[in-house]
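**Student:** One letter stands for each residue in the lines below.
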Amino acid sequence: MTDTIQARLTALGIELPQAATPVANYVPYMITGDLVYISGQVTVWDGKMHYTGKVGSDLSVEDGQQAARTCALNLLAQLKAACGGNLDRVESAVRLTGYVNCLSDFTDHAVVMNGASDLMVDIMGEKGKHTRAAVGCSSLPLDSAVEVDGIFKLA
Amino acid sequence: MTDTIQARLTALGIELPQAATPVANYVPYMITGDLVYISGQVTVWDGKMHYTGKVGSDLSVEDGQQAARTCALNLLAQLKAACGGNLDRVESAVRLTGYVNCLSDFTDHAVVMNGASDLMVDIMGEKGKHTRAAVGCSSLPLDSAVEVDGIFKLA
Amino acid sequence: MTDTIQARLTALGIELPQAATPVANYVPYMITGDLVYISGQVTVWDGKMHYTGKVGSDLSVEDGQQAARTCALNLLAQLKAACGGNLDRVESAVRLTGYVNCLSDFTDHAVVMNGASDLMVDIMGEKGKHTRAAVGCSSLPLDSAVEVDGIFKLA
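Chains as they are written, first to last, in the working numbering: chain A, 1 to 155; chain B, 1 to 155; chain C, 1 to 155.
Everything labelled a hint here was simulated from the structure, so no lab data went into it.
A couple of the hints might just be wrong.
[To be verified] Listed next, the in silico DSSO-like pairs over lysine-lysine satisfying Cα-Cα at most 30 Å (straight line):
no., chain 1, residue 1, chain 2, residue 2
1, C, K129, C, K48
2, B, K80, B, K48
3, C, K80, C, K153
4, C, K48, B, K153
5, A, K127, A, K153
6, B, K127, A, K80
7, C, K48, A, K129
8, C, K80, B, K153
9, C, K153, B, K129
10, B, K129, A, K129
Predicted, not measured: the structure shown is a model, and the values here were computed from it.
Same shape as in the complex, but just chain A (with noise of 0.2 Å):
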């Protein structure tokens, strides 16, 4: 039993940021039957905004694809807040919604949001596929250049 979720993150040097809770009337994760639902994770960082702007212009798209890790990141902080602290609790990731900023002419939505789907499969493996969306804001909050929210499955 070496191959869980949490000896991935060791292995690949991963350390999930501290999960967020939210200063408004809303929370961060909330679970319904078998499911997690997960509030929009944005790019702050141990407190810190980064990779803000718009992608495309203010950002280059790889910048981007950091940015969605860092959303992902954050869902998964949550979503292992949401587990008691075991990962592999989780059945599956079931969506993921991105929204990226960027200008009226950007096109590469897909690569960007790969950033935040890659990571779910490099710390989860098949565990860490998932349907999703992915499009294009004019603006999101605190200036962040992703957001991303999910809902995922526990076992």
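Add chains B and C to chain A, keeping to what the hints say.
**Tutor:** Coordinates of chains B and C only, in the frame set by chain A:
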């Protein structure tokens, strides 16, 4: 049993609008298992659009919050209809997605969306807490300042 | 038992496209419990993009409706694959989210999205009715005029 949702509505002096019926091939709500999916609600009130235009330019952030609150009241009207008139059949809010009509330099989407989140908790207490995403849209149907869709859980 | 979904497709002369396989770390559909989540579908047809650009400026609203219909046909192709080829295993549509690629002064998102909603009901009858949200995006992947994702319920 005085602390019902209907009692809170009365105490707060809030009268829910009539649940509007779509005039197209979709439905305002659908129950599947113990979840109620509710279609995206805009800032219509008594059959007329209120709070149209871009939040942060045509409208202040405070007006944007009122717009989000209006969408939330319309969500609750649909939820009440889904519950056969008895909101106390609701176990909890699960997910709100808030779309804010704004320009590309807007960053206060979360503040705007608090207008919807606060209403949920004002009316439903702890049951009103939910996961959410808030994003920016360059335009919305009928120039609505905000649109919010939702998922709720029945007891 | 002639009034099956496949019979309607035949009667309407509609041939579903091949269900496309994503070339990234996500999947086109996922079944969890009795729900089928389907990834966001764009206006690809036979491997080529149709209906690209902004609805209301590059494209007419009528073309936008055809774009939404194309996305809906792609959703049904994925749904059919999820059902092992038998669409009559579907109990109902549950949720469609429609993203319309348009400029900031566009207001006819609902009219555009009717292209997808009408198709669902044409093909699935009452089972095709769904909740939905329709919003405006300043850009979409591959410059698709519309993107639609969906959730369906199996019998």
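**Student:** Is the Cα-Cα distance between C/K80 and C/K153 30 Å or less?
**Tutor:** holds, 12 Å
**Student:** Does the alpha-carbon distance linking C/K153 and B/K129 stay inside the 30 Å limit?
**Tutor:** holds, 26 Å
**Student:** Can the restraint linking B/K80 and B/K48 be considered satisfied, given a maximum Cα separation of 30 Å?
**Tutor:** holds, 21 Å
**Student:** For the pair supplied as a hint, C/K48 and A/K129, confirm whether the alpha-carbon distance does not exceed 30 Å.
**Tutor:** Satisfied, since the Cα-Cα distance of roughly 25 Å is no more than 30 Å.
**Student:** Decide if the proposed pair is consistent with the structure: C/K129 and C/K48, CA atoms, cutoff 30 Å inclusive.
**Tutor:** holds, 29 Å
**Student:** Take the C-alpha atoms of B/K127 and A/K80, compute the straight-line distance between them, and say whether it is at most 30 Å.
**Tutor:** holds, 23 Å
**Student:** Holds or violated: are the alpha carbons of A/K127 and A/K153 at most 30 Å from each other?
**Tutor:** holds, 10 Å
**Student:** Decide if the proposed pair is consistent with the structure: B/K129 and A/K129, CA atoms, cutoff 30 Å inclusive.
**Tutor:** holds, 29 Å
**Student:** If you draw a straight line from the CA of C/K48 to the CA of B/K153, is it 30 Å or shorter?
**Tutor:** This hinted pair is violated, its Cα atoms lying about 41 Å apart.
**Student:** Is C/K80 close enough to B/K153, meaning Cα to Cα at most 30 Å?
**Tutor:** holds, 28 Å
Checked against the numbered hints given earlier, this structure breaks only hint 4.
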